[in-house]
Amino acid sequence: MDRNTIIEAVNEAVIDALGAETDEVVPEATLLDDLGAESIDLLDILFRLERSLGIKIQAAELAAYVQGGIPDEEFGDENEIVSAVGLAQLKKVMPQIDTDALTGKLQATQVMGLFTVDNLVGLVEHRAALAAV
Amino acid sequence: MTAVHIIGTGGYQPGDPISTEEIARLVGPLPDEVREGLSIERRFWMIDPATGEHRENNSDMAYKAAVRALDSAGLEAGDIDLIILATGTPDYPLPPLVNMVQERLGLVRCATLEIRSGGAGVVQGLDVARMYLESGVYKTALVIGSEAISPVLAPIFLGKDPYKIRMRDRMPVYMFGDGAGAIVLRADEKAESGGLLGAAMEAIGGDRKAGIHSVGGGTHAPIHEQLKAKRLVDLKVDVVGAGDFTPVMVTEAISSTLRHSKVDVDSVDLCLVPEGNVGWMLDALQELGLDTAEWKALDGKVFDSLSTMGAVGCAAVPLFLDDAWRRGRIKPGDRVMLVGVESTKWIYAGAVVDWTAAAPAG
Numbered sequence: 587m588d589r590n591t592i593i594e595a596v597n598e599a600v601i602d603a604l605g606a607e608t609d610e611v612v613p614e615a616t617l618l619d620d621l622g623a624e625s626i627d628l629l630d631i632l633f634r635l636e637r638s639l640g641i642k643i644q645a646a647e648l649a650a651y652v653q654g655g656i657p658d659e660e661f662g663d664e665n666e667i668v669s670a671v672g673l674a675q676l677k678k679v680m681p682q683i684d685t686d687a688l689t690g691k692l693q694a695t696q697v698m699g700l701f702t703v704d705n706l707v708g709l710v711e712h713r714a715a716l717a718a719v
Numbered sequence: 002m003t004a005v006h007i008i009g010t011g012g013y014q015p016g017d018p019i020s021t022e023e024i025a026r027l028v029g030p031l032p033d034e035v036r037e038g039l040s041i042e043r044r045f046w047m048i049d050p051a052t053g054e055h056r057e058n059n060s061d062m063a064y065k066a067a068v069r070a071l072d073s074a075g076l077e078a079g080d081i082d083l084i085i086l087a088t089g090t091p092d093y094p095l096p097p098l099v100n101m102v103q104e105r106l107g108l109v110r111c112a113t114l115e116i117r118s119g120g121a122g123v124v125q126g127l128d129v130a131r132m133y134l135e136s137g138v139y140k141t142a143l144v145i146g147s148e149a150i151s152p153v154l155a156p157i158f159l160g161k162d163p164y165k166i167r168m169r170d171r172m173p174v175y176m177f178g179d180g181a182g183a184i185v186l187r188a189d190e191k192a193e194s195g196g197l198l199g200a201a202m203e204a205i206g207g208d209r210k211a212g213i214h215s216v217g218g219g220t221h222a223p224i225h226e227q228l229k230a231k232r233l234v235d236l237k238v239d240v241v242g243a244g245d246f247t248p249v250m251v252t253e254a255i256s257s258t259l260r261h262s263k264v265d266v267d268s269v270d271l272c273l274v275p276e277g278n279v280g281w282m283l284d285a286l287q288e289l290g291l292d293t294a295e296w297k298a299l300d301g302k303v304f305d306s307l308s309t310m311g312a313v314g315c316a317a318v319p320l321f322l323d324d325a326w327r328r329g330r331i332k333p334g335d336r337v338m339l340v341g342v343e344s345t346k347w348i349y350a351g352a353v354v355d356w357t358a359a360a361p362a363g
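Line by line, the protein sequences are chains A and B.
Counting in the numbering used here, the first sequence tops out at residue 719, every number present.
Counting in the numbering used here, the second sequence tops out at residue 363, every number present.
Just so you know, the hints here were simulated from the structure itself, not pulled from any lab data.
Worth double-checking, as some hints may not be accurate.
Stated by the list, open to error - Sample of chain B residues facing chain A (criterion: CB under 10 Å; computed from the structure):
| id | residue |
| --- | --- |
| 1 | A25 |
| 2 | L27 |
| 3 | A51 |
| 4 | Y164 |
| 5 | I166 |
| 6 | M168 |
| 7 | D170 |
| 8 | M176 |
| 9 | L236 |
| 10 | D239 |
| 11 | V240 |
| 12 | R327 |
Quick caveat, the model's predicted, so the values are computed rather than measured.
Cβ atoms here follow ideal geometry from the backbone N, Cα and C, with glycine treated the same way.
With the hints as extra help, turn the sequences into a complete structure.
Laid out in structure tokens, this is it:
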């Protein structure tokens, strides 16, 4: 599946699920903070992608993908601040983040707020590649 | 001591049942697990789904349920001296719906009261009626719950491409329906026992945002501003918030009702909870550790008619009660707990009744 097909499907899913305007849905827009998505809207986006691309992603897999299989106790410290190990993982799936600026400051609950439209394209690409194997 | 007995019930839902497949055609599909979690297979609407035209209205449904309840109690409308009605979707802001039902019943004079507490309203109404009847002020009361939600759902899908409808807007269309239920209560000065034993109510959302918000047509904003909105009335349902807190409300309602009614949970034969057997509710009870000893003691005794009648707000308690009574699920001698919960601003009410009325023949 080529990247353009995925970008097009992600854009359409985000626009329809959020009732967003076309010009708001840019690659760098964060789904939660910029576009105002709530958990039910994320479910809506994933359901639309399942129907348009045939790739089923569960809502729970979204967080698991971002955390990259790192156990909670390694991903964050006792105050739920994301650790250096955690930030290195986040940089892989959300390359736009400034890890230096976030060191010692990013709470685990804020992580999904950084997830952008482009990061979602990355997740779908990752899943499409797995499905193709 | 005067006992207050339930001597009849009635229910009414408009038109033919609307299947979940038909809803999917109107608003698009839901993921299987979400649809199954809602646990609703059919619902009834007073609107024509194809056109949005009203085939009847809330007062018609309330009147029809009242007539059926009076028939089952063997009473005439003229025997009623108090009517209490709960609704969140009246025909008009004023006059009150209860007075339109009074008029339809041909009652020139009677005491009336309207309650706006959503799903908790009818149970609150039963307790208010019990107090008036026990004190001898009135002898025979009619408590009605009725709801007309489909008119607010129609603008979500009429003339729209179903696939462009957002999931948060789709879900209420799958869930909600219309209907009415009514309960006849009578004071019996000679009865030693039976009837309504006690009740509890509380609103526990003073620090919590509304789970459901019906916005529009009120006085919160200038009418000229409201007229600019996409939909005159917008039903905002916080599905996730409601899913998290409704189980808390239900378990608290059960425990508080037992305490106020001074009965032991093991003595309860049946417990009506409108969402009591829904997949998401049972999952949440377990996840939140709310499957208390009391909830476990009620295992197999919790009943509702949600899957076949839909989510019907104020009508749920009396309508599901009527359904169970007429099907023979509730029999004289049963101790029945009625629980009503409301997810707008988190109101619960519960009552316990020792059932005495034999179901009508046929």
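For each hint, the structure was consulted:
Taking 10 Å as the C-beta contact cut-off toward chain A, the hint placing A25 (chain B) at the interface is violated, the least distance being around 13 Å. The beta carbon of L27 (chain B) is not positioned within 10 Å of any beta carbon in chain A (closest approach about 16 Å), and the interface hint is therefore violated. Interface restraint check: A51 (chain B) against chain A, minimum CB-CB distance 24 Å, threshold 10 Å, status violated. A least Cβ separation of about 7 Å between Y164 (chain B) and chain A falls short of the 10 Å threshold, and the interface hint therefore holds.
A least Cβ separation of about 9 Å between I166 (chain B) and chain A falls short of the 10 Å threshold, and the interface hint therefore holds. Hint status for M168 (chain B) relative to chain A: holds, with the closest Cβ pair at about 4 Å, below 10 Å. The restraint placing D170 (chain B) at the interface with chain A holds, with a minimum CB-CB distance near 9 Å, inside the 10 Å limit. Proximity of M176 (chain B) to chain A is violated relative to the hint, the smallest CB-CB distance being about 13 Å (cut-off 10 Å).
At its closest, the beta carbon of L236 (chain B) sits 14 Å from a beta carbon of chain A; the interface hint therefore is violated under the 10 Å criterion. For D239 (chain B), the suggested interface contact is upheld, since its CB lies about 8 Å from the closest CB of chain A, less than 10 Å. A hinted interface residue such as V240 (chain B) counts as satisfied when its beta carbon comes closer than 10 Å to some beta carbon of chain A; here the least separation is about 5 Å, so the hint holds. Annotation: R327 (chain B) was flagged as interfacial toward chain A, and the flag is violated, the nearest CB pair being 37 Å apart, outside 10 Å.
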